[in-house]
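Asker: Here the protein sequences come in this chain order: A and B. The working numbering applies: residue 1 is where the first sequence begins, and numbers increase by one. The working numbering applies: residue 1001 is where the second sequence begins, and numbers increase by one.
Careful: at least some of the hints might be erroneous.
Said to hold, decoys possible - Pulled a few chain A residues facing chain B out of the computed Cβ check, cut under 7 angstroms:
| id | residue |
| --- | --- |
| 1 | Y57 |
| 2 | Q73 |
| 3 | S75 |
| 4 | V96 |
| 5 | C97 |
| 6 | E101 |
| 7 | C112 |
| 8 | A115 |
| 9 | S116 |
| 10 | H119 |
| 11 | E125 |
| 12 | A126 |
| 13 | V128 |
| 14 | V129 |
| 15 | P135 |
As the list claims (entries may be wrong) - Simulated coverage check for chain B against chain A, where a stretch passes if three residues somewhere in it have a Cβ under 8 angstroms from a Cβ of chain A:
| id | region |
| --- | --- |
| 16 | 1029-1040 |
| 17 | 1068-1079 |
| 18 | 1096-1106 |
| 19 | 1110-1123 |
| 20 | 1127-1136 |
Everything labelled a hint here was simulated from the structure, so no lab data went into it. For each residue, glycine too, the CB sits at the ideal point set by N, CA and C.
Number of protein chains: 2
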Amino acid sequence: MSTQADPAHLLRQAGLRVTRPRLEVLAAVHRHPHAVTDEICAAARERLGTLSHQAVYDVLRALADAKLVRRIQPSGSVARYEARVGDNHHHLVCRVCGGIEDVDCAVGERPCLTASEDHGYLIDEAEVVFWGVCPGCLALDSASAVPWAPPATTHPSP
Amino acid sequence: MSTQADPAHLLRQAGLRVTRPRLEVLAAVHRHPHAVTDEICAAARERLGTLSHQAVYDVLRALADAKLVRRIQPSGSVARYEARVGDNHHHLVCRVCGGIEDVDCAVGERPCLTASEDHGYLIDEAEVVFWGVCPGCLALDSASAVPWAPPATTHPSP
DNA sequence: TCTCTAGTCTTGACTCATTCAAGATAACCT
DNA sequence: AGGTTATCTTGAATGAGTCAAGACTAGAGA
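Let the sequences and hints guide you as you build the complete structure.
Answerer: Given below as structure tokens:
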């Protein structure tokens, strides 16, 4: 019980069999925070040679259920995964390029916020997404008029 | 300039042409808060007789761009729309049945929260989603063991 | 170490929300 | 009223994600 962070141990602790696809997918999520399924799939394939699309979906679901990865899905984006779990941090999303940054949660433990009315719900998490424009897109935006049309939502009007 | 809240006026103010599909879709969003596109489509068709799927998507996008409706999309759900705009309220989502409730924002104006680090982003909104289990599902959950399997995420373990 | 078996992975087809494209229609300006 | 152009209809396409059936293999017991 020396290496608590050993990926194989983590899998076993979660009651999951240790397989190369699972180890590589987990490693890929660590290497590529906020990556989409396809990117994780590609990264794992680089190591494994071959890995089915379906296996990646299955593994990611198993890892997410086991809380070894966290699934996030900002509006308008497909599912993304990150390996930073347990600290209930939040996210900063660029409306223009879709870039994502982690933001530490001041409170840390979930739920970090209390709803003004709980409507009788048993609340266990407050998920916060900060929307804005990243420095890179801000620079482009002030340089040229409209570099590329923003995806769905428009910029905040002055 | 008597009825500022007149739907036709609102459309015109936003630079949008006033059409029956737009009026009916807007009314449908008012009548069915948090409805998905298909439900809005069905509701509007009840009044109009016929309305294409594509028109509903176009109209909803136009209305959302004009800030006459707000598009929300909790993880794992398809896009939903609501007519309550401008007050930057938040949402309470049931992990079991997917039910959604509005939660007033104590601050009101956007962004209601400040990120601990902004990474240079120009932040204009803090979107908060409270996740939990609604009273109805809580009751079912304590009555029987597992009524239906929760969609993706599992309940908080004891 | 060998064998068995349930849990995993592969393959391939499928669903369904959403988008694209082209032509018909109708709202608004003059 | 007439022309312009945004909007709507129709029909097909995209793409993330899922389902299903069979092959494979990690891990437990002999």
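Asker: Hint by hint, say whether it matches the structure.
Answerer: Hint check:
Annotation: Y57/A was flagged as interfacial toward chain B, and the flag is violated, the nearest CB pair being 12 angstroms apart, outside 7 angstroms. Because the closest C-beta pair between Q73/A and chain B is about 4 angstroms apart, less than 7 angstroms, the hint holds. Satisfaction of the interface hint for S75/A is found here, the shortest Cβ-Cβ separation to chain B being roughly 4 angstroms, below the 7 angstroms cut-off. The restraint placing V96/A at the interface with chain B is violated, with a minimum CB-CB distance near 10 angstroms, outside the 7 angstroms limit.
With a cut of 7 angstroms, the hint placing C97/A at the interface with chain B is violated, because the nearest CB-to-CB distance is about 11 angstroms. Given the 7 angstroms rule on beta carbons, the hint for E101/A holds: about 5 angstroms separates it from the nearest Cβ of chain B. Hint status for C112/A relative to chain B: violated, with the closest Cβ pair at about 10 angstroms, above 7 angstroms. The interface hint given for A115/A is met, as the beta carbon of that residue sits about 5 angstroms from the closest beta carbon of chain B, less than 7 angstroms.
With a least beta-carbon distance of about 5 angstroms to chain B, the hint placing S116/A at the interface is held under the 7 angstroms criterion. With a cut of 7 angstroms, the hint placing H119/A at the interface with chain B holds, because the nearest CB-to-CB distance is about 5 angstroms. Below 7 angstroms, beta-carbon pairs count as interface contacts, and E125/A has one with chain B at about 4 angstroms; its hint therefore holds. Interface restraint check: A126/A against chain B, minimum CB-CB distance 5 angstroms, threshold 7 angstroms, status holds.
With a cut of 7 angstroms, the hint placing V128/A at the interface with chain B holds, because the nearest CB-to-CB distance is about 5 angstroms. Interface hint at V129/A: satisfied, since its Cβ lies 5 angstroms from the closest Cβ of chain B, which is below the 7 angstroms cut-off. Look at P135/A: its Cβ gets to within about 4 angstroms of chain B, closer than 7 angstroms, so that hint holds up. Only residues whose C-beta sits within less than 8 angstroms of a C-beta in chain A count toward coverage, and the region 1029-1040 of chain B has 0 of them, not enough to reach three; the restraint is violated.
Counting residues of the region 1068-1079 of chain B whose beta-carbon sits less than 8 angstroms from any beta-carbon of chain A gives 6, enough to reach three: the coverage restraint holds. With a cut-off of 8 angstroms between beta carbons, the region 1096-1106 of chain B has 5 residues touching chain A; three or more are needed, and the interface restraint holds. Check result for the region 1110-1123 of chain B against chain A: holds, 11 residues qualifying (beta carbon to beta carbon below 8 angstroms, three or more required). Residue count for the region 1127-1136 of chain B with a Cβ under 8 angstroms from a Cβ of chain A: 9. That meets the three needed, and the coverage hint holds.
Of the hints listed earlier, those the structure fails to meet are numbers 1, 4, 5, 7, 16, in rising order.
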